[in-house]
Every structure is written in structure tokens, then in C-alpha cells.
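Chain A is already provided as a structure; the job is to place chain B on it using the hints.
Top line first, the protein sequences correspond to chains A and B.
Heads up: the first sequence begins at 11 in our numbering, then just goes up one per residue.
Heads up: the second sequence begins at 11 in our numbering, then just goes up one per residue.
Read the hints as simulated data drawn from the structure, not as lab findings.
Worth double-checking, as some hints may not be accurate.
Identical copies carry no separate label here, and so any pair may be met within one copy or between two of them.
[To be verified] The calculated DSS-like cross-link candidates involving lysine-lysine, where the alpha carbons are at most 27 Å apart (straight line), are: (1) Lys206 to Lys192; (2) Lys297 to Lys359; (3) Lys44 to Lys96; (4) Lys432 to Lys329; (5) Lys157 to Lys58; (6) Lys437 to Lys88; (7) Lys206 to Lys469; (8) Lys278 to Lys328; (9) Lys206 to Lys359; (10) Lys157 to Lys17; (11) Lys469 to Lys192; (12) Lys25 to Lys359.
Protein chains: 2
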Amino acid sequence: MKSVLVKEIYRESEKYANQTVKISGWIRTLRSSKVFGFIEVNDGSFFKNIQVVFEEDLDNFKEISKLPISSSIVVEGKLVLTPEAKQPFEIKASKIIIEGYSSSDYPLQKKRHTLEFLRTIAHLRPRSNTFSAVFRVRSIAAYAIHKFFQERGFVYTHTPIITGSDCEGAGEMFRVSTLDMKNAPMKEDGSIDFSKDFFGKETNLTVSGQLEGEAYALAFRNIYTFGPTFRAENSNTARHASEFWMIEPEIAFADLNDYMNLAEDMMKYLITYVMENVPEEMEFFNKFIDKNLLDRLNNVVNSEFGRITYTEAIEILKKSGKEFEYPVEWGCDLQTEHERYLTDEVFKKPVFVTDYPKDIKSFYMRLNDDNKTVAAADLLVPGVGEIIGGSQREERLDVLEKRMEEMELNKEDYWWYLELRKYGGTKHAGYGLGFERAIMYLTGISNIRDVIPFPRTPKNAEF
Amino acid sequence: MKSVLVKEIYRESEKYANQTVKISGWIRTLRSSKVFGFIEVNDGSFFKNIQVVFEEDLDNFKEISKLPISSSIVVEGKLVLTPEAKQPFEIKASKIIIEGYSSSDYPLQKKRHTLEFLRTIAHLRPRSNTFSAVFRVRSIAAYAIHKFFQERGFVYTHTPIITGSDCEGAGEMFRVSTLDMKNAPMKEDGSIDFSKDFFGKETNLTVSGQLEGEAYALAFRNIYTFGPTFRAENSNTARHASEFWMIEPEIAFADLNDYMNLAEDMMKYLITYVMENVPEEMEFFNKFIDKNLLDRLNNVVNSEFGRITYTEAIEILKKSGKEFEYPVEWGCDLQTEHERYLTDEVFKKPVFVTDYPKDIKSFYMRLNDDNKTVAAADLLVPGVGEIIGGSQREERLDVLEKRMEEMELNKEDYWWYLELRKYGGTKHAGYGLGFERAIMYLTGISNIRDVIPFPRTPKNAEF
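So that you can see chain A by itself, here it is in the shape it has in the complex (with noise of 0.2 Å):
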């Protein structure tokens, strides 16, 4: 007999109903009496468990009473569907067996577990309610973000993980390299010698594809990458992780209106899919983790976006009478306090923040015509603050020269990047999502640490 998932009984309660169905999956709890028992059975399918009846005519009764959590079973029954209980319908069982044992010491028993507890657990947590949810939401709005780009014809670009070259002139990396640590070979001034290294020179870890990305958007106008990307900062917040996931999505022939406009549909794409797909993981978020969630990703999906400047944002700041931890004044760079007042107490839904000044941005940021500010942009958004940063890149290969040259940034080391200004540039913008955040914002989940199956963070890399 043919298993079937507890998804399609869900799906299609009506068409098993009175038949005889067989599934698998894990036992979530079980309590039994003498004479009967019921077991919630999670078989991975699906967010909802399915409730097996079992009574003392099975064989294996007095085995099954006993099952430790968690052992993996497959069941035979008939489907009755249950209108008068809580759940809708459940397998009375003619068949079980036991496909694995658990053990007593099951560390994920009933009882509540703290989120620390469960990362120091990590492979077994996406077997709780709370990670069964994070997770499948992650794999959905992943999906989600593909399907957007891909209904646009945006080529999915795989930029390098290893790389010789630190895009952003700054940035904390992670070095790449197989030589031998205790006797690495040296140059005469006292350097190491990475020419004996694995590539033939230092290499790194990548903290962004939007280099190459813009290579892409050269010859193919609307590309995206979505991969991993790394930091090397040794800050232990809820909000930063060492490994990540980025979405650079980057586009030709367009400027920052084309990719406010871009990042918005995005957005209501990314959240109307995962709310239409997977309606029960976010109910339980909506129940559980916060109560507000729901209504706060509706009023984005039916919001327009706000857009000002960044110069009216400190005109709002400075008018608001609020006592900020950090002071505003023009050229200082928005902190999470001010984003938050900007999109929680004067907007109340998301905005975009344009035109900073140009001495707290990247030299690859298209220079204003003001000559104090570029056409940068990040989408800031109600409980969270920042969500997206991205801007116009800089087309003109004299400005962005003179950029480079007053940020000290070695011209060489981007031979390429300027020719793709040399041969045939055009307008161009992108931005960056980091995935990570964009979960923790569709969840409700408010550490990093809990969206991402085994994070790594500083002085952790278990699993």
C-alpha cells in the first residue's frame, strides 16, 4: 500500500475520508490507557500533526503504548473525519510499525524549551513547532525570491565565495588559504608569502556579490545572486551572524527610482507568498511569537511605500523632541533608534531613505549633482529598522576614479570593475536583502541565530 503524506489529507481531507490510508512520520506525544491510546504523528509534510487512535486489538499494543517521543513509525487506518473535535479527522489504526526507536533521553520532551536550549541542539530543533514553522517559512520566501526575479527574466548570477579582492574596501573578512599555519612561507620584508598559497595569493571570504553582480547586469541588464556571504566582526548582537545569506539583485538602464520601485514589489511579492502558502506556520507566529505580525505584514503588502530624503529625515529627527541615545545632526549616520521613530512613529509603514551624504557611503555610489550626497537608498521598516540598502551605481568612470582616489582605494585591484565603465556603461542600480533579516521580519523571530539551521557566530561553529 501507497503512503501518503499528511499534507495531501489536509489538502484533501474529503477525498481519504472512510478510506484506509497508510503514513509515516514521528511520534510528537502519545498518552494511552489499557484499553486505547492516541498518538500526534508528525510525518515532516506539513506544519499540523495527525492524531492515530490506537486500541488493544493491535498486536503490538503494549509496545506502542510505551514508544519513547520522537520514534518513527508508519501507520495503517481508516481516515474518519471528526467535525464535533479539535483536530479534523483521525487514523483509527488497524497496523503499526515501528520504523525506529527513541530513547527516553529525548532531549525535545514536551515541556517548553528555551531558544538557547534548543541551538545548543540544533539538529534536532526543526522537530519543534517553533523551527518546523522558521524553517519552512525559509525555505518558501527563498523559493519566493527566486520566483520573482525568475517571472522578470532576471539571470540568477552565481558571483565567487572565495575571492581575491575585498568589494567594499572595508569590512571585516575571513582569510582563504591551505598554507601550513605553523610554518607559513615568508617574503623577505616579513610578510607571508600567499604567491605559495592555493590560489597563488590572499584570499577571502566574500561580503558581497555586487562587484561581479554589475559585470552580469552588463551583459545580461537584470541579474540577481542569492548565496552566502560573511562577515568577520566579532559582534555578538541578535541581529548579526558571521555567515549569512544576501540577495543583489542588480539592473541596467535604470536608476534608484527603478530600484525602489523594484525592491518594493519585491517585498509585497516575498511577503503575499509566504502568507498565501504557508498560512498555518504564520498563524502559529501570529499566535505565539507576535501578535501584531499579521497586521503588520498586511499594511505593508497594502501600503505605498514612503519616500524622503535623508535630509528631511534629520529635519524630522531634529523637530521630533525625542531624546535620542545618539545625537542628529546632518551627516551622521541613522541609527536604529531613528529608523525606528521614522517608520514606527511618523510613517507607520515602510520607507525608503534616499540621498546620505556621501562620506558615509561606498565609492560605487552614484555622486548627486549636489556634490554632498549620493543616490543611495535603504528601506527601512516598522520593528525593525533597516531592511534593504542599495543605490544608483556610479556610471561615470572619471567620478568614480576621483572616489576611489580620495577614499584611498587602490585602483588596480579593480582593473575590471572600471572597464565595465569603459566599455559601454550605462545607468545602473542594485541593492542588497539580507535573507536572514527578511526571515527574522516574516516570522517574527527576533534572533538571527534562530532563522539560519546552524548559525555561526563568534566562537561558534558547532554542528
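Showing chain B alone in chain A's frame:
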């Protein structure tokens, strides 16, 4: 006036016929006389160019006539169907705006270049016909993989890139570190003190996400990974890269046959999706790269894949009368020459070879009852050889531990992997598809350096 993509014009030329359209793109070729000229423009949205005709009535006729290849332009004009000409339509330009000049030393001139030369300009090569086709196929193929698994309810799982464990108990790895190599902290025994390193232990780049994938399959039942993996092997062949992307599905309550059925379905889906969605690119490969390509791919889609045991394969090879470079004996690893003989001369279609000797396979593969072979299967395809490797996983804790002891693996390093067998293990299976190998197979391109945007190989990490 709003721009239209060249792809849209090709897909719906009737709709745009005799309308004024606006397009933008890069000049691929330009020839002109004193009174008129032709430009082939590629706008990145589509493999094919669009022809633009311009005449001396343009304000900037002279300037346009002299534009170097790869300059970017914006064209307005009437779309005229040209049923008698080679191209199906052309734009009679009423206005051409120069967006960005190229330079006369643009390295991708019309003459044919070697693939080797094009690798040195990896930032520009996607503007050539060959690489434009390769990397659009790569994007579409990646999407096909996601679509296939998502439609079947598989959970996309991001397994870690930086890892503290060596998954396969073998394989050369890249070390990830932030320690100062000139002055690395030492322990008393003279070894490096990695407790002072960023993660508090020695870390490397992953060679496979399988073990972590298994943990997720035992929660979500059906999962897949799709991410970068790394090999620090000093092998300079056309089939090896130091950084490449892998797809690793893992399925619970499933055995070797379930894996083979899934892999066969996936390969057929992938090929069909690519042939249907980028037919122009596939025709190009069939014409210029491999004249048997489409026949071979169609054959795969329409064949039932063969299945033979390793022992049968050895018999066939021994009886073949062929002189192989590597002699064939039960217990030996199959070499590409053996695999190619089986697929190209015997089966003439893809074939799974199953049940390999345990001594040439990994510790986690399920031991067969003969105690000599394991439930592994490799998929061999005509023209290439091995493209997929997989197995049923050893779910019996005692058998797994015994295998690990035999292979002298440190069980403590695998504590969590062993726990998956302790807390409700199930039959399960999985496989790995090297994404670049798949792209080589789909395009006929014979060097892995030409199917990954910025390849990393020994002594090479440019861009």
C-alpha cells in the same frame, strides 16, 4: 516613452509591428555607409539581437556611424516586420541616444576568440554569444531545480558553509581563519591554538551539506540543499573546480530505489524545462558546440534509465574485450573510461550502477546484507560518465558505529549525526548532483571553467 525588452518583441512581434518602440542595449555589430547603417543591438533580456536601421536624417548620424562595439544606446523607432530577410523584424530608428561610449580597444571584437582567452576577461565574456547562452542556461537550470523540489514539497535547507567538521572523513579542505599567520598562537605541544581563532576551533569550508541535510530530512522528511561547496585539491582538470555548487536532496522513509526514482525524475524535469524555456540557446549549443546535444538530451528524457549492480557492471566490462587503461577487477573504482563504455557503448542511455564494494565508498552508506557491498548508486550518463552519486544512509546505530570504527573516524566528532539514529531514525537516502557538471551536460561545454561565472581553480582566484 516606456522601454520594451527585446525578448518581448520576439515573443509578441505582431503586437509591436508598425508601432513605435523604445529599446536600449549594447551594440554587438555596426556597419554603415555614408547614408545609412545597421546595428545589431543586444539588450541582455534575450539571446538574440535586434537589428536597428538608421539613416542620415538622424541628427547624430555621423557620431552613431562611428560608435565602437559595445557602446550602449537607447533607440526609438518603428518596428517593421521583414519576412523576406534573415531577421524577422527591424527597428527603423527615428532617434538614437548614446548612453555610454565604449572604447576602440574593447577586447571582445567580432573575430572569434578562444575560450581560454575569454576566461581572462570573465567580467566581459557574458557579452559573447557562447557565454550569454551558458549563463542564461545556468540560471534557468537553477530555477528548474528549485521548482522541481518545491513543487514536491521539499524544504530548501541552507546547510553551513563554514564547518567545524570534515563531513566525508576525507577530502582536502580550505581552512577559514582570522588568526595572524605571522604570529599564530601556539599550544604547548607546538600545534596551533585554534581556541584563539574566530570560532574558537579550527574551521574549514564545507565539502558537502549532506550530514546536516540528514538532520533536516529527519524533521521535514524531504529536503534539498543547493549551495556552494569546496575542494582544496590540486587537480587541474577540465572537470574540477575548487568552488562549485551542489544540489543534495535527502529523503526520509525512503530507500535506494526511491532515490533513483527521484533522481531520474529530476534529471528529466531539468532537461525538459531547459529545452522548453531557452530553446534559442539550446539550438545555439547544438549548432556550434555539440551537434549531438539535442538528440542526446531528448534520448535521456525519453529513456527509462538502466539499473545494474556494480558486480554486473564488472562482469560486462571484463567480457567486453576492451583494453582499458585501468584494469577491471571486482573491488576497483570505476574510472571514466569504464563508465563511458557502459553508457556510450552498452546502454546508450543513462544507467544507475548500484551496490558498490563497501571499501571504496563512504562510512555513512548503508551496509547490504552480503556485508561486502553498500546500498550506493551512481548515475552515469552518455558522453560524460558519473553525474550523480548517492546512497541509502546507514540508519542502524550499531552498524554505523562499527563502520566508523573500521574507518578510524572519531565518533565524538559525529555525536549529533549519531544521535539522529538514536532518536527515531528512519530509512533514508540522498544524493548529490554537481551543478556545474549538469550545466556541462546540458550545454556540451567541456571545461568546468566555462560554466561558472568566475571560476576558482588552483592558482586562480581572479575577479
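Taking the hints in turn, this is what the structure says about them:
no.	hint	verdict
1	Lys206 to Lys192	both (15 Å within a copy, 15 Å between copies)
2	Lys297 to Lys359	within (22 Å within a copy, 53 Å between copies)
3	Lys44 to Lys96	within (23 Å within a copy, 83 Å between copies)
4	Lys432 to Lys329	neither (45 Å within a copy, 62 Å between copies)
5	Lys157 to Lys58	both (26 Å within a copy, 24 Å between copies)
6	Lys437 to Lys88	between (64 Å within a copy, 24 Å between copies)
7	Lys206 to Lys469	between (29 Å within a copy, 9 Å between copies)
8	Lys278 to Lys328	neither (31 Å within a copy, 61 Å between copies)
9	Lys206 to Lys359	neither (54 Å within a copy, 44 Å between copies)
10	Lys157 to Lys17	both (22 Å within a copy, 18 Å between copies)
11	Lys469 to Lys192	both (22 Å within a copy, 22 Å between copies)
12	Lys25 to Lys359	neither (43 Å within a copy, 39 Å between copies)
Figure legend: structure checked against the earlier numbered hints; hints not met, in rising order: 4, 8, 9, 12.
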